[in-house]
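Protein chains in written order, with my numbering: chain A, 13 to 359; chain B, 13 to 359.
Note that these hints are calculated values from the structure, not bench results.
Quick caveat: nothing in here was measured; it's all calculated off a predicted structure.
Certain hints may be false.
A pair counts as met if it fits within one copy or between any two copies, since identical chains are not told apart.
Unchecked claim - Below are the DMTMM-like pairs computed for lysine to aspartate or glutamate, each with C-alpha atoms no more than 20 angstroms apart in a straight line:
| no. | residue 1 | residue 2 |
| --- | --- | --- |
| 1 | LYS300 | GLU310 |
| 2 | LYS141 | GLU281 |
| 3 | LYS66 | ASP350 |
| 4 | LYS66 | ASP39 |
| 5 | LYS357 | GLU326 |
| 6 | LYS66 | GLU351 |
| 7 | LYS300 | GLU336 |
| 8 | LYS358 | GLU69 |
| 9 | LYS333 | GLU351 |
Protein chains: 2
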Amino acid sequence: MDQKNTPDRSINPNLNKLQRKVHFDIDSLWAGIQKGDVVQLSKAITLIESTHAKHQELSRQLLERCMPLTGNSIRIGITGTPGVGKSTFIEAYGSQLIEAGEKIAVLTIDPSSQISKGSILGDKTRMEKLAGHPMAFIRPSPAGDSLGGVARKTRETIMLCEAAGYSRILIETVGVGQSEIAVHSMVDVFCLLLLPGGGDELQGIKRGIMEMADIVLVNKADEDRIKMAQATKRDYANALHLLPPKSNGWTVQVMTVSGLQGIGIQAFESQIQAYIEQVKGNDSFHKKRAEQASYWLEESLQQQVLNTFLEHPEVASLYPKLKEQVVRNQISPFTASDELIQRFKKK
Amino acid sequence: MDQKNTPDRSINPNLNKLQRKVHFDIDSLWAGIQKGDVVQLSKAITLIESTHAKHQELSRQLLERCMPLTGNSIRIGITGTPGVGKSTFIEAYGSQLIEAGEKIAVLTIDPSSQISKGSILGDKTRMEKLAGHPMAFIRPSPAGDSLGGVARKTRETIMLCEAAGYSRILIETVGVGQSEIAVHSMVDVFCLLLLPGGGDELQGIKRGIMEMADIVLVNKADEDRIKMAQATKRDYANALHLLPPKSNGWTVQVMTVSGLQGIGIQAFESQIQAYIEQVKGNDSFHKKRAEQASYWLEESLQQQVLNTFLEHPEVASLYPKLKEQVVRNQISPFTASDELIQRFKKK
Chain A
13 MDQKNTPDRS INPNLNKLQR KVHFDIDSLW AGIQKGDVVQ LSKAITLIES THAKHQELSR
73 QLLERCMPLT GNSIRIGITG TPGVGKSTFI EAYGSQLIEA GEKIAVLTID PSSQISKGSI
133 LGDKTRMEKL AGHPMAFIRP SPAGDSLGGV ARKTRETIML CEAAGYSRIL IETVGVGQSE
193 IAVHSMVDVF CLLLLPGGGD ELQGIKRGIM EMADIVLVNK ADEDRIKMAQ ATKRDYANAL
253 HLLPPKSNGW TVQVMTVSGL QGIGIQAFES QIQAYIEQVK GNDSFHKKRA EQASYWLEES
313 LQQQVLNTFL EHPEVASLYP KLKEQVVRNQ ISPFTASDEL IQRFKKK
Chain B
13 MDQKNTPDRS INPNLNKLQR KVHFDIDSLW AGIQKGDVVQ LSKAITLIES THAKHQELSR
73 QLLERCMPLT GNSIRIGITG TPGVGKSTFI EAYGSQLIEA GEKIAVLTID PSSQISKGSI
133 LGDKTRMEKL AGHPMAFIRP SPAGDSLGGV ARKTRETIML CEAAGYSRIL IETVGVGQSE
193 IAVHSMVDVF CLLLLPGGGD ELQGIKRGIM EMADIVLVNK ADEDRIKMAQ ATKRDYANAL
253 HLLPPKSNGW TVQVMTVSGL QGIGIQAFES QIQAYIEQVK GNDSFHKKRA EQASYWLEES
313 LQQQVLNTFL EHPEVASLYP KLKEQVVRNQ ISPFTASDEL IQRFKKK
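Full structure from sequences and hints, please.
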């Protein structure tokens with residue numbers, strides 16, 4: 013259904029090899045980004061996506077230059093299972109934003125897309141109107157073999173896009189995995205798309221995602237599905253009412269929309285603005301951003317410290333054996349952990 | 013309202029000093045545990061709670077001896093905000109289990125109780141019937157300055173209790189913090205107690221806890237609250253129906269009970285048994301336990317590796333400064349993380 017889920021590996025089978033051959037000039041990239049030059053922005057994103065050590069150092073330098081220009085966009089997360097109509101909705105919403113004078117970037121997080129980056133063609137085809145528009149920038153999920161890596165690259169891409177003057181960043185995710193937590197931790201407002209009627213389609217949504225949503229959209233509320241969509245909206249509004257309130261004081265909104273027919277898109281934007289106004293008014297907007305920055309520092313540290321640990325020769329040989337014993341209830345997880353830590357500290 | 017929340021610091025102000033003076037004989041403890049001797053079991057728990065290095069080594073030895081005798085209980089988590097009636101419910105349920113021939117241990121996780129362990133008196137007073145019964149063992153939350161430490165000690169206490177022949181372990185938590193995630197990761201079935209009517213009382217429940225529950229109990233369904241409790245039950249049953257299904261195939265049950273009047277306690281036990289039968293039938297019971305063991309290994313490793321990292325002199329002096337810059341959006345969280353990791357690796 014989603015072309016994104018069937019990446020065409022013929023497009024770019026040797027991304028890293030290609031990246032290494034590209035010459036990156038930091039000054040040109042930086043000059044281009046400041047001017048909002050899409051070619052230089054794309055090249056800069058390719059640089060930060062590179063796993064080459066020399067490129068990583070250049071990325072750091074570029075990102076540090078960009079820092080003062082970041083933080084001025086509204087970052088919107090959009091999730092929902094394949095088939096719920098995310099791309100059509102984003103195309104309708106994005107087009108409306110552009111008409112209202114916004115410059116929009118659409119990013120995707122989909123760790124399953126892996127190294128092929130095959131989704132370039134898929135995404136661009138699915139968002140024809142936006143793909144051709146000078147005020148829109150569409151970039152598919154970065155390559156990466158771990159969610160942590162993909163998330164980092166996406167968060168850095170947000171920074172580059174903000175430095176290049178994009179005022180709205182839409183981050184799309186597929187709604188079936190851990191990637192929602194990553195997206196939720198990098199956006200200001202998190203939106204969940206549902207289908208009218210619920211039922212089987214819902215089963216693709218991971219537990220816990222419902223509670224992350226700030227705005228719930230029942231999509232495809234058009235033609236003969238309007239009544240069903242309204243009933244679904246009522247059910248979710250009742251259910252969400254029973255959940256504990258958000259600490260920022262926002263009451264989760266449930267709305268019906270149709271991405272295909274452009275119904276409810278303006279009302280959605282009004283809710284986004286109402287949300288931003290409220291969270292900026294009680295300062296939870298900046299508090300959340302500061303918390304998110306701390307979160308990514310800690311996440312990144314934990315991951316890297318753990319990698320350092322797992323690369324330790326003694327740990328690397330002992331860990332799988334001990335883990336097996338732990339899973340079989342032969343030794344306590346804490347004893348195994350203490351044992352491994354002692355080896356690590358002795359190095 | 014809850015005596016547990018106002019620890020009486022006069023009871024045991026110098027726990028660690030006391031622990032150091034106690035002489036622990038592993039052979040006596042092990043012999044006592046095998047016989048189900050409550051005095052030796054209590055002493056063994058005091059040993060594992062000690063932060064003294066020598067005691068920690070003895071704890072490891074004792075726990076390894078216990079390992080083959082662990083895993084045979086049913087572990088039940090019970091959460092809910094203060095005032096919902098957890099202790100009264102546990103007293104009613106525990107008494108019924110004892111009549112049915114079970115041997116029960118009641119443990120508490122409450123990281124806020126800290127070092128005073130002042131809750132001993134509070135808990136025992138609140139559960140008069142159980143406290144005096146030879147088939148019941150009540151132990152308050154272990155002392156500890158971090159949730160990780162408290163959780164580890166509680167999980168090790170479960171192992172000691174199982175080795176001592178307790179067939180049901182009830183783990184109570186206060187429903188207002190991160191401790192639910194810890195409890196959820198050490199029990200077979202997780203139960204949430206609510207008050208009739210919801211409203212303000214609900215606001216103490218952290219977001220995300222609802223989705224962890226396997227059984228939701230509307231407590232205090234007695235006298236003039238019966239109708240309101242039944243309405244609350246219906247509302248939650250409808251709301252939970254909209255959440256994605258659990259991977260173990262279990263449909264979350266919502267029931268009305270009265271701990272005070274002993275209403276619905278037998279029906280609750282029937283649901284516990286139905287749950288255990290289902291998850292043992294489709295093997296998700298053992299799969300979950302294996303996952304939990306892995307989870308604790310990884311949690312414990314992450315925590316200990318991170319501590320090793322934070323104790324590194326250069327990291328210790330640089331980390332607070334970089335974190336401050338990250339929160340102020342002056343440097344990227346990833347740049348800060350890379351910088352810290354480079355220092356750490358150089359040692």
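Results for each hint:
For the identical chains of this complex, LYS300 and GLU310 are intra-copy neighbours only, at 15 angstroms inside a copy versus 28 angstroms across copies, given an alpha-carbon limit of 20 angstroms. In this assembly of identical chains, the alpha carbons of LYS141 and GLU281 lie at most 20 angstroms apart only when taken from the same copy (19 angstroms versus 59 angstroms across copies). For a Cα distance limit of 20 angstroms, the shortest separation of LYS66 from ASP350 across copies, 14 angstroms, qualifies, whereas the shortest one inside one copy, 37 angstroms, does not. For the homomeric pair LYS66 and ASP39, the shortest alpha-carbon distance inside one copy (16 angstroms) is at most 20 angstroms, but the shortest distance between copies (59 angstroms) is not.
When the C-alpha separation of LYS357 and GLU326 is checked against a cutoff of 20 angstroms, the pair qualifies both within a copy, at 11 angstroms, and between copies, at 16 angstroms. Taking the shortest alpha-carbon separations for LYS66 and GLU351, only the inter-copy value of 15 angstroms comes in at or below 20 angstroms, while the best intra-copy value is 36 angstroms. For a Cα distance limit of 20 angstroms, the shortest separation of LYS300 from GLU336 across copies, 15 angstroms, qualifies, whereas the shortest one inside one copy, 39 angstroms, does not. In this assembly of identical chains, LYS358 and GLU69 lie within 20 angstroms of each other by CA distance solely across copies; the values are 18 angstroms between and 31 angstroms within a copy.
Only within a single protomer do LYS333 and GLU351 lie at most 20 angstroms apart by alpha-carbon distance; the minimum there is 12 angstroms, versus 33 angstroms between protomers.
Consistency with the previously given hints is maintained throughout, with no hint failing.
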